[in-house]
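Chemist: Sequence:
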Amino acid sequence: MDSSYLFTQKRKEFGKPCFFTEVGPHLLVDIDPDVELKKEFYVLSTMTREVDNSHKVCAHEVNTVSYPTENSGMKHSEGGWPAGVDFEDEDAVTRFRKKIEKDKTYVNAIKNLADIVEIVIDENNSIDIYEEYFSGESIKPEDETSFRTINVLLDPNSVVRKVVDICWSENSSKLAAAYSVDGIENPERDLCLDSYVWDIENCLHPHCVLKPERSLNCVEFNPRENNLVLGGYTSGQIALWDIRIGNRPQQLSPVQRSHKQKITGLKWMLTVSGLDFLSTSLDGQVMSWDARNLYEPTERIFLDPSQEDLPNLEDLYTISCAEYDPSVPEVFMVGTEQGQILKFSRQVQSDFDKITARYDCENRPILCLKRNAFYPQLFASCDPWTIKIWSEVMNESPILNIIGTDGYYTDVDWSPKRASLLFLAKTTGAFEVWDIPGKSSEPMMTIALEKGPLCAVQAENTGRFIACGAASGAIHLLEVPIHFQTISNEGTDLVTKIIGTDEPLQGRSTLKPAYIDVSLEEDFIEDAYDPPETAEDLREEYEELFEKYPLIIIVPEEAKSLEKVVSKFSIDFPERAEDLREEYERLFEKYPLITLFSESKSLEQAVVKDSNDQPEPEKTESET
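Mapping of the sequence shown onto full-length UniProt numbering: position 509 corresponds to residue 509, and the numbering continues sequentially without gaps.
Heads up, a few of these hints could be off.
[Stated by the list, open to error] Pairs of lysine-lysine residues, derived as DSS-like cross-links and limited to a Cα-Cα distance of at most 27 Å, are as follows:
1. LYS497 to LYS417
2. LYS497 to LYS343
3. LYS111 to LYS99
4. LYS99 to LYS16
5. LYS439 to LYS417
6. LYS260 to LYS354
7. LYS451 to LYS267
8. LYS104 to LYS38
9. LYS439 to LYS354
10. LYS451 to LYS439
11. LYS343 to LYS354
12. LYS451 to LYS56
[What the hints assert, rightly or not] Okay, the calculated beta carbon distance ranges per label pair:
13. GLU479 to GLU131: 29 to 39 Å
14. LYS451 to PRO384: 44 to 54 Å
15. SER173 to LYS451: 53 to 63 Å
16. ASN151 to GLY73: 19 to 29 Å
17. CYS192 to GLN256: 23 to 33 Å
18. ARG148 to SER345: 40 to 50 Å
19. ASP52 to ILE31: 53 to 63 Å
20. GLU442 to ARG464: 24 to 34 Å
Hints listed in this document are in silico derivations from the structure and should not be mistaken for laboratory results. Nothing here was measured: the structure is a model prediction, and the numbers come from that model. Virtual Cβ for every residue (Gly too), placed ideally from N, Cα, C.
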């Protein structure tokens, strides 16, 4: 088949032909050169650029959600015995066992189980179940000098608040922390003002929530009663919590009798009652208080540099921190923003004579003061640029300066187990460990805990844990390695040579049995808060006592010891005296105030006698 097609077209239908001729240029626009733009023109030199078209890879960190847990248990006191068998009666239990052992079902069950056990024993004999399949070192030993983060306590509040103060309880089981919004001393009411008490055994949620009316700037546990917590407001008021009762403070000092600016230091003092403390503030006042009555302070000290009789409140020192150590109970120290460290004596009556020593820190604000745990005459001061080690006998200049290379210092604390060990917190988020006799030019160890600043560091009394508070609201709980939990005699000797003294150790590590009076342990807090027991309160307890131990009321007057009581019983009750010795030993230990007199023949006489013999509570200095 032919696929071509032929068609015809006339020449005129092709169009007119094109003829090109040469034509001169036509001017369309004329722009004169700009001199200013010409000056800005320049020729680029050779430039090197890199182009990367690879896939971008980033790292993501995910923390698992912490779910609350609770402990539950069940106690089956009677075991698996039938209802008709008394499991406490040995004869009944023996008869029941013999009856079961004679049963054919029991014999067949034992035989079947014995066959299975025999097969398993044969298999164990043919296979070495203790064979070691992997030879060599199994687990790399842990470094004995490395600090380990065992927990991070996060602020439950969504608003970022920094940790401004940390305090451990005396038994090291709880941790109190004060939180505050940076730069806001009196925040709005809708802003969270809560601070927390944490239990280190259960860190999923706070043990107690402290709900103050203003933000807390400092907290302090009572060293004798671990349930009493002091809190210093940014408004200058002081609150007292009993964490067993509730979240709100049980006592609060009135505004007109409190400090005028925020509290910078709260320290419990070693007194007979154990409830006296001192407070410092930016208003330049040092106040002494009795925790049983926060209506007004018991003493005021104005820090006036001019030392006039009538202090000028506008020219007072601004106190930035306070320090008190029970090993030197009559002395306390304060640090000022003017760079002065002032040492006070509580025994002097005059305000100006109370200052027994001054230490100059070159007009640098003092952020923290801490005494050495072994040598109370040795203390450290912290300012943003340096850490200074001072000796009380040398107030002209420090015996050692620690200068940071990057960032600023925020807090310092001594190790309670090593006289030469210092723990420092910095604004770079680094936690530094310094050994002052070994390396005084660089830290022995640096641990990066946060990207932001660290605000507080506090070591607990046993030296096992360290708490570091950050500006992000997190508290890093570090475990101190065993190497640093033991007392180093070499380090102690080096510190002795540095301070130039041969005095024996007097610090908190060896002082605990000394500065707590044993005679005050039984009635220190309870007697201070509660009245002594009356006859009506003792009635129920002594009713049970006289019913269970009828022999205590027949002892004559001279039987005031256990041996005489037993000898008396051996005469009247020879068949029971020696058998009751152990039980009556526990009785005498539990009830030391039992009146063993012949006239106490009845319950009424014994209760009245015991209530009359209760000692009256000693009056404190403030009540006198």
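Chemist: If you check each hint against the structure, which ones fail?
Modeler: 4, 7, 8, 9, 14, 15 and 19
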